[in-house]
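Student: Please put together the full structure from these sequences, using the hints given.
So you can see what is in the structure, the chains are spelled out below.
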Amino acid sequence: MKKSLLIYGAGAIGRGFIPWVFDSNEYDFYYVENNFELKEKLNKHKKFISYKTNQDTYEEKVVNIKECFSPGEEKEVIKKITAVITAIGPRNILSLQEILSNTKIPIICCENDSSIPNLLSSVIKNPYVVFAIPDVITSNTAPQKLLEKDPNSIVTENGVCYIDDSVSFLGGEAKYVSKKELENQWLAKLYIHNTPHCIAAYLGSLVGVTYLHEAMQNKLIKKIVANAMNEMVEMLLKKFSMDKEFVKWYSEKELKRFENELLFDPIYRVAREPFRKLAPNERLIGAAQLCLSQGIIPENILLGIMSAFAYNNKIDEDSNITYLINSISSEDFLRIIIDLNPTEALYEILLIEWDKNMKKIEILKNE
Amino acid sequence: MNNSETLKVALKAAVEAGNILNEHNKDNLKVSQKESRRDIVTEIDKMSENKIINILKDFNSEITILTEESGIRKGKKENLTWVVDALDGTVNYVNNLPYYGVSIALLENNNPIVGVIFNPVTEELYYGAEGIGVFKNQKRIKVLDKSFEEGLFTVAFSGKNHDPKNRVDEFLKFGEINDNTRGCLRTGSAAINLAYLAEGRFAGCWGKANKSWDISAGILLAKLAGSKVIFTEESEKDHLVSYLAAVPSSWEILYKKIEKVIGL
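Which chain is which? The protein sequence lines are A and W, in order. With this note's numbering as the guide, the letters of the first sequence map in order to residues 1 to 367. With this note's numbering as the guide, the letters of the second sequence map in order to residues 1 to 264.
Please keep in mind that the hints were generated in silico from the structure rather than gathered at the bench. Since we're looking at a predicted model, the values are computed, not measured. All C-beta atoms, glycine included, are put in the ideal place defined by N, C-alpha and C. Hints are not guaranteed to be accurate.
[What the hints assert, rightly or not] Simulated DEER-style distance windows between Cβ atoms: (1) W:Met-1 - A:Lys-253: 49 to 55 Å; (2) W:Arg-182 - A:Glu-73: 33 to 39 Å; (3) A:Ser-166 - W:Gly-131: 48 to 54 Å; (4) W:Gly-131 - A:Ser-70: 25 to 31 Å; (5) A:Gly-171 - W:Glu-5: 53 to 59 Å; (6) W:Arg-73 - A:Asn-35: 47 to 53 Å; (7) A:Asp-165 - W:Arg-182: 46 to 52 Å; (8) W:Glu-236 - A:Leu-147: 56 to 62 Å; (9) W:Arg-140 - A:Asp-165: 34 to 40 Å; (10) A:Arg-91 - W:Gly-131: 21 to 27 Å.
[Said to hold, decoys possible] 25 Å max Cα-Cα, derived SDA-like pairs, lysine to any residue: (11) W:Lys-57 - A:Phe-333; (12) W:Lys-142 - A:Val-123; (13) A:Lys-222 - A:Leu-262.
Tutor: Written out as structure tokens, the structure reads:
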């Protein structure tokens with residue numbers, strides 16, 4: 001019997017990248033997607049094209065799908081699934097609690113939060129929930145010329161998917177690694193990728209560009225992003241004693257990826273949900289705290305934090321950030337909304353740098 | 001004038017007033033009694049209120065402002081009124097119970113369209129407006145639907161002198177609801193009650209002849225969060241409003257129980 005995958009989320013990772021990790025000729029692909037329009041489009045054609053950037057060109061893969069469900073419709077098919085993959089965003093993971101409860105099949109969480117597998121495992125009582133790190137930048141769309149050929153097409157770069165080696169029997173093109181290696185990869189991804197990546201997006205939003213590579217074409221933004229990355233590298237070397245060559249290689253790789261002109265990664269996707277990214281142990285506040293703990297003043301990450309505060313997208317889930325930053329005082333905003341204690345160094349330094357960084361933000365806005 | 005601009009002003013006013021409450025909550029406060037032993041005011045209420053009034057006037061002096069301590073300041077824009085309670089839950093405040101807040105609402109033709117409630121002790125900031133939604137601090141919030149029997153409810157009784165005979169019925173209803181659900185609480189702050197309903201902690205709130213400045217913001221927030229809401233003016237002169245706000249699954253039973261008592 002052919003093996004089958006149930007993929008929650010037909011977005012950037014689920015549709016863009018997973019088909020390059022697991023082949024739809026080896027596995028039947030089922031998707032669960034809560035965007036009704038997308039679900040209908042996928043079911044109409046029962047296939048889509050995923051493009052992978054390769055030097056200056058695209059490699060093409062036609063992905064056949066068995067079915068795309070709306071959430072809740074997949075009940076029957078779960079019974080015959082080989083493995084589940086989640087790529088729906090950390091905030092949405094608990095929406096799977098009921099449907100996945102008491103399943104005993106492997107569940108691979110491609111979520112941007114390393115605590116998700118343990119959380120999901122404990123609530124659904126499934127011991128086979130593992131973490132995976134798609135070390136890749138994937139858009140949730142494609143440039144116009146590709147969309148004209150296939151409106152469901154999607155673009156990814158040539159990345160690597162690191163998966164916990166306890167599920168290595170699933171095969172495919174993944175890199176199955178130990179938990180220790182996964183931890184290293186996660187630290188690198190969280191701080192050398194996630195932190196500068198979202199900073200590039202928030203700064204790009206200020207100058208009004210649509211795609212991340214366009215933001216990186218702005219010299220000032222590129223400089224800030226590169227410097228933020230250096231702050232992260234310095235922190236990782238001091239705090240986690242990571243291998244210098246590895247972090248150097250990783251950071252150079254990341255800068256090139258951000259500049260990839262074939263990706264068409266929308267700013268709104270990378271910047272979405274700023275409050276999630278501003279959470280205490282996350283890629284902005286957490287990253288800055290770690291820098292300060294190592295005696296590093298993260299000037300560029302501080303500017304990145306401020307640019308996240310200034311993110312103004314009416315249709316974003318966290319669009320309320322705009323009302324708050326533009327109404328209450330900076331002290332109150334940091335204390336009540338960002339949940340920083342006034343005794344913390346980060347609170348103090350954000351306030352000290354507030355006006356200076358706000359001026360820099362205004363300069364960028366007016367470019 | 002759009003709701004996002006007025007929401008920002010209300011946020012600023014509520015938080016700055018809340019900061020004043022926090023600065024003074026350990027002070028030995030001089031307490032004055034108003035209508036009853038339960039109805040007290042401190043000099044902090046007035047300080048907080050003045051701060052709010054100044055911010056609202058700076059924004060637009062043509063909007064009428066109705067506050068608990070200062071009364072009504074009429075503005076040119078007849079259809080718009082700020083209703084302000086600079087400290088809802090003074091008894092709790094004076095006794096260091098962290099269940100009080102600042103409540104600010106903007107009414108358009110007597111209907112709330114913008115609302116903010118801020119508990120400065122817990123730093124819970126509830127805010128919302130028509131067309132924008134309702135939030136607590138970072139997060140969008142919504143009610144948690146529960147059956148009547150599973151729900152926890154709150155009541156805000158009418159004032160001692162309002163309608164003494166009817167008050168007996170209010171107390172009886174309170175007991176009846178308390179005994180047939182997870183409970184009915186009398187907490188001392190109608191504003192916080194309604195904010196907690198919007199957030200999903202309570203299943204319903206009802207009140208007889210409450211001051212409009214206590215409940216206007218909360219009524220709006222509860223409605224935006226998915227609560228069913230009804231309110232009726234008891235006295236225009238005294239700014240008294242009776243209301244019921246409840247989650248959909250509790251609504252029908254609760255409505256039937258209290259409609260006569262609160263005069264819906």
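Student: Tell me the hint numbers this structure goes against, listed in increasing order.
Tutor: No numbers; nothing is violated.
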